[in-house]
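Asks: Given next are the chains, with one letter for each unit.
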Amino acid sequence: MNKRVPLPPHPHPHPQEFDLKIEDIRKRSQISDIWKRLRRNKLAMLGMVIVIVLLLSAIFAPLIAPYDYAVQDLANAKAWPSLAHPLGTDDYGRDLLSRIIYGGRVSLLVAILAIVFGLIVGGSIGVSAGYFSGIYDGTIMRLMDVVMAVPGFLLAVCISSALGTGVTNTAIAIGIGCVPGYARLLRAQVLSIRDQEYIEAARATGASNVRIMLLQIVPNILSPVIVDSTLRIGGCILMISSLSFIGLGVQPPIPEWGSILSAGRQFIRSFWPIVVFPGLAIMLTLFGFNLFGDGLRDALDPKLKR
Amino acid sequence: MGRFTLNRLLWVIPVMLGVILIVFTIDRFSPGDPVAAELGAGYTQEQYDAKKAELGLDKPFFVQLFNYVSKIITKGDLGNSYHTGLSVTASIAERFPVTLKLAIIAIVIAVGLGVPFGVISSTRQYSVADHAVTTFSLIFAAMPGFWLALMMIICFSIQLKLFPASGYKQWNCWVLPTLSAGLSFVATITRMTRSSMLDVVRQDFITTARAKGVNEGTVIRKHALRNALIPIITTIGFQFGILISGSVIVETIFNMPGMGSLMMTAINNKDYPVIEGCVLVLAFFICIINLITDLAYGIADPRIMAQYTKGKKAKMKEAVK
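Order-wise, the sequence lines are chains A and B.
Every letter in the first sequence is one number past the one before it in our numbering, and letter 97, counting from 1, is 97.
Every letter in the second sequence is one number past the one before it in our numbering, and letter 226, counting from 1, is 226.
The following block holds chain B by itself, in its conformation from the complex (with noise of 0.2 Å):
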């Protein structure tokens, strides 16, 4: 298991790596002149000259790059941004956490109501219950987000005042952000729940408990649902990545301080060591999510953490076979 998790952890450094590469290259291969876009309307030649080498811009792109990952492996140290002149890593520190809680409540509201409606709708078949879930997990399913974030205001802040539609420091802020980012992920995760939940319960080993005389509850928790838990975390693990970068938008609407909101300044501005910054921090943050998506498989399943844990010994006469 330990092995396992430094494998996959040693394996996020290329990806981190090719990332960079990734987002590097857009950026310095963009129209737009972030040099110009600093000084503003007005200046002499030897003026762009010196902001240009003052940002370190006027070197060649091996080298800006080799710069710019030395300084995280060695400082953790993101640069500072072109505009503000604020350090990157501060500015992400100080966002991040609202990013992270808003995306948390949201993928506990998803899991906490997706997984029993459709755990209950795969139980009732062609029921009133499981139509009323289908359906409703097909039109939350086909709701954009950020439409589903106005109508919430136009309902529950404009028309019956409940909560507030914008500001993050009381409780009461947090309730529209989360639900509308949280709803759709509903809807997927529901049909996941219930396609998986439905190959299962037909299974052989289902009948042979109810026939034993367990009781139905525990028929569906232990022996259905835990068995049809493997492709549930892969939609999890898969939907919170989505969650987090879609927070930009819903922070965008709901005026939270978080990484979404950084990031659109930092792109209207040209503002390229804090949009480097944040794709850097989202997309390493996601790979954390997929090695602790490959870790609840193990836990999900004893024999996949056999395979995790399995010694070099086992791996040979394996591959002898």
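Chain A on its own, in the form it takes in the complex (with noise of 0.2 Å):
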């Protein structure tokens, strides 16, 4: 016979209470999930503990470099390096170690002002287009083929010849190249959830496009994103010391790793450290940048699993 027994006490006075907690570890749990695989990783860990390294030594430049990267100390230009100056002196004496802390700054900052101007305009562009789509995202995606076709190093030469120098137009001409593929990447992060249900319903309560766009679908599209803006910035870490390298971009007297190498290019005969290690610094911050965004990817998505 089934005799009914009566239930234990519930455990939790307060029900509420406990569904939050469950909440709350549920998060948690999806967040040490990803820092789980992310750890696992070695060489995405290599690559972070190098880019936080970069992002320190960017910030607390001026208490980390040996010396102000502007004072000239004309009897000591080019000295090889020593221990007075680690990694020798370009051709006004001044010290290449704390020329190239100073560069990544320059560096790092005009690379996150591209990417957050490219994210702002083409982020809005491809939003909009998805929502709303037909006419408007017809024509929108077409214009944005078009800004696609030119190749993205072309384009910021272009812009930036007519800009001008300068940090803010070096981050503008770079960040514009960076509008169509953030566009076209958001956009199609919105169709794949304008559908859903949670979008329909706050349409229903009354919400206007903007907060929905704002509220609803901006946060549901944010990891790839992230992960695509980790693998971009080496890009145009890479791009800004190419114009700088070039005469445009960030001009002297102004740090940075390009146009360090490209006014040491006529010592190259005499005096290579002065060429090679501004290239070795771009290269270890595109090396870390690499690793940690394919390592993200990686952890984000584990349906990508090599």
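Hints listed in this document are in silico derivations from the structure and should not be mistaken for laboratory results.
Bear in mind that the values here come from a model prediction, so they are computed numbers and not experimental data.
For each residue, glycine too, the CB sits at the ideal point set by N, CA and C.
There may be inaccurate statements among the hints.
[Unchecked claim] Below, in silico cross-link-like pairs of lysine to any residue (SDA-like), each with a Cα-Cα straight-line distance of 20 Å or less:
hint	chain 1	residue 1	chain 2	residue 2
1	B	52	B	65
2	B	71	B	12
3	B	161	A	252
4	A	78	B	154
[To be verified] Computed footprint of chain B on chain A; a stretch qualifies when at least three of its residues, placed anywhere within it, have a C-beta under 8 Å from a C-beta of chain B:
hint	region
5	54-61
6	70-82
7	205-211
8	241-255
9	286-297
Two chains, two frames, a set of hints: combine them into the complex.
Replies: Okay, here's the thing in structure tokens:
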């Protein structure tokens, strides 16, 4: 016979609190899952360490750099690496290590500005195109195709030669090149979620289009954007130094890896450190961001496992 | 197939018009005055106005744009350089072969090394060879082309005196430029081939082929690589575009008279017609590369070819389904 057993008392006196906690745990476990996958990937961890060290050295450049980046010491010009100047000095006797540390600051700043610019402009275009669809979508995405037909570097060269040099102008020149990429990525993401119930529910409660886009759609499509941006920063840094190298982009006396290289090029026959070390800095940075970005992509998307 | 090619060729027209519009706008609204740059220091207002009218810059923006486009369509004329007065079409025709040759040799190096490396590393996953190839490609993918070029000059030109660091007439002048342009793409193509091959090698039809006793070389070449080709072709097409625009830097470093150096001089002189002409020609070339990439998909994969050649009837059938 089935006898009714009385239920044990509810373990939690306030179920609501309990629910909240589950929600909490769920959230945490998703992030910790990603973190666990990321931590298992040794190369990605190496990339992350490189990126963190770079960010720290860029932020705390005045504390770390042994000399001021602009102080000239003509008696000590083109000094070979020594204890006083670990990477040597340039043709004005400025300490190369300090210039490279400050140069990282400029490169990272411009790259981040460019990404933010591309993300805001490209993101608004992509999200609105995906959300509204129709003629608006068709027209604007064809326009993006046109911009994409011009290779990013060529576009950056054109814009930066028109706008002129400097940190902001270089960031805009490179940012415009990022616009179509972000527009496409975000549009595809919006298309994949815009017919889901929670969007419909938001619309049923009378939320405006802008509110739905900003509060419902954008938070749900962020993870591919984060991965894409990590992978893109490396490319942006490369572009900045390439622009500075050919005399556009950031100009001396502001230290930037590309412009240090470009200024040192004439001494390539007699004094190689001035050409070698800034390039190594660029390489290390790209290496770090590439590894970290790849690892992040794999960790966020277990389906893409190698 | 013919219809598809024609369609894609027609699509190039609006893209090129768009590119003209973008470049034209950027140039016209940029600070810096080409008229003043032409005249140099010390000129009267009359001289200024005359020069402005001579260059056609006194007309409204859209009239200038229309004149420019109609000249291109009717005569293939990209205008004259403000600076030297020479025909832009002629100077590009003179310079373009150098850039093209550089890009083609570089891409041949990149594909010739990248695809075999990728295949080797995917067929022997986690072996010493695989680790070596992966490390190599990680390092070279992070190496800026212009820095690699300078390092090569230091090593092979200054220290070992094997190859010259400038010039373009003898064959040995091309070794360093093409290598420095090509090596970073070797890395990209290797990585793409490896990951694409790894996806394919694990599929059942590969096991079937092996079970049937097909020898390993044929399995890799005909069954695996053939099916892994599409992403590799995409990468190659995409890289070719980057390579063409990256030639600006390589040509500057090695003093080669190509499109890149032409453009750099024009940018420094605010020589609008030359800048516009160069960007247009390069963008057109990249459109053609994209078209060739699409056609190559069809050659690599008969299913895609079937989509290209599919007549109206088949499309209707599909729509009804």
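Asks: Against the 20 Å threshold, does the CA-CA distance of residue 78 of chain A and residue 154 of chain B hold or violate the hint?
Replies: 17 Å, holds
Asks: Using a Cβ cutoff of 8 Å, are there at least 3 residues of the region 205-211 of chain A near chain B, or does the coverage claim fail?
Replies: violated (count 0)
Asks: Under a C-beta cut-off of less than 8 Å, do 3 or more residues of the region 54-61 of chain A approach chain B closely enough to confirm the stated coverage?
Replies: violated (count 0)
Asks: How does the coverage statement for the region 286-297 of chain A fare against chain B, requiring three or more residues with Cβ below 8 Å from a Cβ of that chain?
Replies: Answer holds; 4 residues pass the 8 Å Cβ test.
Asks: Do three or more residues of the region 70-82 of chain A come closer than 8 Å to chain B, measuring C-beta to C-beta?
Replies: Per the Cβ count (0), the hint is violated.
Asks: Straight-line Cα separation of residue 52 of chain B and residue 65 of chain B no greater than 20 Å?
Replies: 16 Å, holds
Asks: Taken at face value, is the distance from the CA of residue 12 of chain B to the CA of residue 71 of chain B at most 20 Å?
Replies: 18 Å, holds
Asks: Would you check the hint for residue 161 of chain B and residue 252 of chain A, treating anything up to 20 Å between C-alpha atoms as holding?
Replies: 32 Å, violated
Asks: Closer than 8 Å, Cβ to Cβ, for at least three residues: run that test on the region 241-255 of chain A against chain B and report holds or violated.
Replies: With 6 residues closer than 8 Å to chain B, the region 241-255 of chain A meets the three-residue bar; holds.
Of the numbered hints listed earlier, those contradicted by the structure are 3, 5, 6, 7.
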